[in-house]
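Novice: Each chain is listed here by its residues.
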Amino acid sequence: MSTLVRATRAQPVHLVVLALIAIVFFVGITSSDRFATPLNIANVQDQMVALAIVALAQTIVILSGGIDLSFAGLLSFLAVVFAALAGDTAGTLLIAMAIVIALGIGIGAFNGAITAYIGVHPLITTLGTSTILAGCALLITRQPSGSVPLFFEDFTYGRLGILPYGMIAVIVLYLFVGFMLWRTTFGTRIYAIGDNEAAAAMSGLPVQRTKVAIYALSGLLCAVAAMYMTGRFGVGDPRAGVGFDLRSITPVIVGGTLLAGGKGGVLGTALAVILLALLANVLNFMNVSSFYQWIAEGLIIIAAVSFFAGRKGKS
Amino acid sequence: MAPPFLAARGLSKSFGPNEVLKGIEFEVHAGRNVALCGENGAGKSTLIKLLTGLYSPTAGQVEFEGEKAGWSDPRQSLAAGIAVVHQEFSVLGALSIAENIYLGAEPRTRLGLIDRKALARNAQALLDDLGITLPPNDLVETLSVADKQMVEIAKALRAEAKVLILDEPTAVLSQNETRHLFRIINDLRERGMGLVYVSHRLDEIFEICTDITVIKDGVVTSKGPTEEYTHDSVIAAMVGRELGDLFPPKASDPLAGEQVLQVRDLVVAPGLPPASFSVHAGEILGLAGLVGSGRTELALALFGAAPATGDVTLDGEPMPFRDPVGCIDAGMLMLTESRKDDGLFMNSSVARNFAATTPGYGVHHSAIPPGHEERRAAVLKERRGVVVDHVGLPISALSGGNQQKVLVARLLENRPKLLILDEPTRGVDVGAKAEIYKTLRMLADEGMALLVISSELIEIVGLCDRVFVMRDGALAKELTGEEITEEAIITVAAAETSTHHGVAA
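Quick note, the sequences are listed as chains A and B, same order.
Its first residue numbered 1, the first sequence is counted upward by one per residue in the working numbering.
Its first residue numbered 1, the second sequence is counted upward by one per residue in the working numbering.
Derived from the structure by calculation, the hints contain no laboratory data.
Only a predicted model underlies this, so the values are computations on that prediction, with no experimental measurement involved.
Hints are not guaranteed to be accurate.
As the list claims (entries may be wrong) - Negatives, chain B to chain A, calculated, CB over 12 Å:
1) E67
2) D73
3) P74
4) Q76
5) A79
6) N100
7) T109
8) D129
9) I132
10) A237
11) V267
12) P270
13) T309
14) D341
15) N347
16) E374
Stated by the list, open to error - One-sided excerpt, in silico: chain B residues whose CB lies under 10 Å from chain A:
17) Q87
18) F89
19) L92
20) L95
21) G104
22) L113
23) R116
24) K155
25) A159
26) A171
27) L173
28) E177
29) L255
30) Y437
31) R441
Cβ atoms here follow ideal geometry from the backbone N, Cα and C, with glycine treated the same way.
Between the sequences and the hints, there should be enough to build the whole structure, so can you do that?
Specialist: Next up, the structure:
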């Protein structure tokens, strides 16, 4: 086993997802001339940025044996707050960014603290937080409102060659988190807690503090995603996050991370995000109704999990 | 003489009115390996939990290097230098061997990142030092049980433990693995570590322990250097007591009834010798043996809950051992080992627990007739002597003894021909034990066949008409009548495996 394979926690499922990506790509090329154009490839990437970031947050939480369902409310709330404060200068933008990031970290830490110190199941804690924040977002504004400076909006649409800036940010974040999981004690603790929380505690690890940090990091990544989405819309949408709670879980599971925690990594999530975005894009080109896209996505989830169940039985 | 690394001084522990340990004096010096002997329930695990701070004592104290140790958490004792290798290991499968060994103490680079190279190198050095050939970057989940144990020991060594407590370390090991473990244990002792070795296997104790401490019924009955002991004197200190009137009289002629259960060439796992035996109506047959000797596996196979091959007939009808439902329908019922894990529905009421598997309910998914549970539950009080204020109470509110009575009563509602009981009195007080024994004997007298699995020798000796002693998955010896003594069972159960392999009873 090479160091790289171990570092990325590569698994057979990754090859399967890669193969599926290749198949979808091939179908795309044969179904439309416009598929393999720089414009469309950039377009696909734009489609996946927000999901990639929240799926990264979800990967960390699920690896630790938890789950974070707060994204729907959290993204909406942070988007509205960001658009309300961002104004039209660099100064107001920076202040808004600082506030949104602090809110993301704070709300995440709150999720972690309730889960770790009071012992509420994270499913309940984060569902509660999400509901509260969804209400808050709609109290602030019923309609999409606020704005971001024009140069920030332009930035979220800018690209370097065929790489949108948003995608560059995603790559940097994935490398950063991947490195963190590989080379920091925090990363090791995430795997240890997800694998066997009692054993981690008996080994002297600060389980509760680590959990707070995990959910805080999840909130931080969510804040980044919220700012990006607001930049793309040019306005704060109080329903910006709807659906992202469950959608964030799909790539994590398809990418081979165990829902029970302790096993998996960011590589699988990255590949799965690419697969899902490409699939949606190709089905669009083929004029397939988005309802069929849902069906396809659902089938992929079940197939991915069955793949694991089957392998478990054999070993 | 230097103070002992670890000592118990007048250590006592009570759970409610139940005094589990009384004035224990126990010490572990540097370079000594102290065997902690005693039957199941004697108080060994309670003592270990007190020594490591998981429990706090009712009286007396734990001393570490001559000073009072006020540990309130196993993490504190671990930091001080007390490591325990439990039977259930606390290694993490998703992490590598090196990561497990250095968990919480990873070598860091100047930037504060984990130094992967140093991690692998240090772990390799530790493993080499122990004479263990394992690649430090392999994931622990890919290791055998024996290797996982080695990782635990390496972890203790990394933590610079002064005292290493090993709880039944060889129960899960093969002969060769045991030899390897012994070399490591002796090596650690010669380096000045203090060890506590908990085991039932007397041969092992005499081979590697320098001292022996025997606990019986929560009291230290004997202790001293190993040279002062023989097998017989240890056994005498462990078991010497009166059976009293805990047990009802046995059957006069246990083999008089017809054979209810006939087992021929039952193979529970590949490589194990086939088992053949029968259980007669009116007798209580005991299955004795050490933990891990295969008793529970055999029972689960009979009950259709584990895969096996062979011929099993109940009242002349062949049993397909496919699933427990078929066995229940055929009249074979089983009381499982852990009532909390796979016996009771802890969040449900007494009534619902009792009614859960009675005929026409639960097993066959029919609707519950109104008042059914209450009527059924009334039976509990009248016929089975369960002390409960109200059958609507959650079962968790009952004492262990009453919970067990509810379970037994539930099984009896199915009018079994054969009743298998795995550890029927675990976690039950003496009074309830006597009642359960009385009930079991009464059932046998009424013509039921009973198969009892127990780790408590006194229970096997006092209750059973006939006993099979199991060792390494095989029925090693059959004992009947006067032959059934604690000494005879221990001698067979704890004998060196190779010499008796394959001896059929």
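Novice: Under 10 Å, Cβ to Cβ, is where B:A171 needs to be relative to chain A, so tell me if that hint holds or is violated.
Specialist: violated (19 Å)
Novice: With d taken as the least Cβ-Cβ distance between B:T109 and chain A, does d exceed 12 Å?
Specialist: violated (8 Å)
Novice: Grab the minimum C-beta distance from B:L173 to chain A and call the hint holds if it beats 10 Å, violated otherwise.
Specialist: Since chain A brings no Cβ nearer than about 21 Å to B:L173, farther than 10 Å, the hint is violated.
Novice: Grab the minimum beta-carbon distance between B:Q76 and chain A and tell me whether it stays above 12 Å.
Specialist: violated (10 Å)
Novice: Far enough from chain A: is every CB of that chain over 12 Å from the CB of B:E67?
Specialist: Given that every Cβ of chain A is farther than 12 Å from that of B:E67, nearest at about 21 Å, it holds.
Novice: Can we confirm that no CB of chain A comes within 12 Å of the CB of B:V267?
Specialist: Nearest chain A Cβ is 22 Å from B:V267, so the label holds.
Novice: Examine each Cβ of chain A, and state whether all of them lie more than 12 Å from the Cβ of B:T309.
Specialist: Given a closest Cβ separation of 20 Å, the condition holds.
Novice: Classify the label on B:P74 as holds or violated, using whether its beta-carbon is more than 12 Å from each beta-carbon of chain A.
Specialist: Its Cβ does come within 12 Å of chain A, the nearest being 6 Å, so this is violated.
Novice: Taking the closest pair, is the beta carbon of B:D73 still more than 12 Å from chain A?
Specialist: violated (10 Å)
Novice: Does B:I132 sit more than 12 Å from chain A, CB to CB?
Specialist: Holds, since 19 Å exceeds 12 Å.
Novice: Taking 10 Å as the limit, does the beta-carbon of B:E177 come near enough to a beta-carbon in chain A?
Specialist: With Cβ-Cβ at 21 Å, over 10 Å, it is violated.
Novice: Please verify that hint: B:Q87, Cβ, nearest Cβ of chain A, below 10 Å or not.
Specialist: Status violated, d = 14 Å.
In summary, the structure is inconsistent with hints 2, 3, 4, 5, 6, 7, 17, 26, 27, 28, 29, 30 and 31 from the numbered list given earlier, while agreeing with the others.
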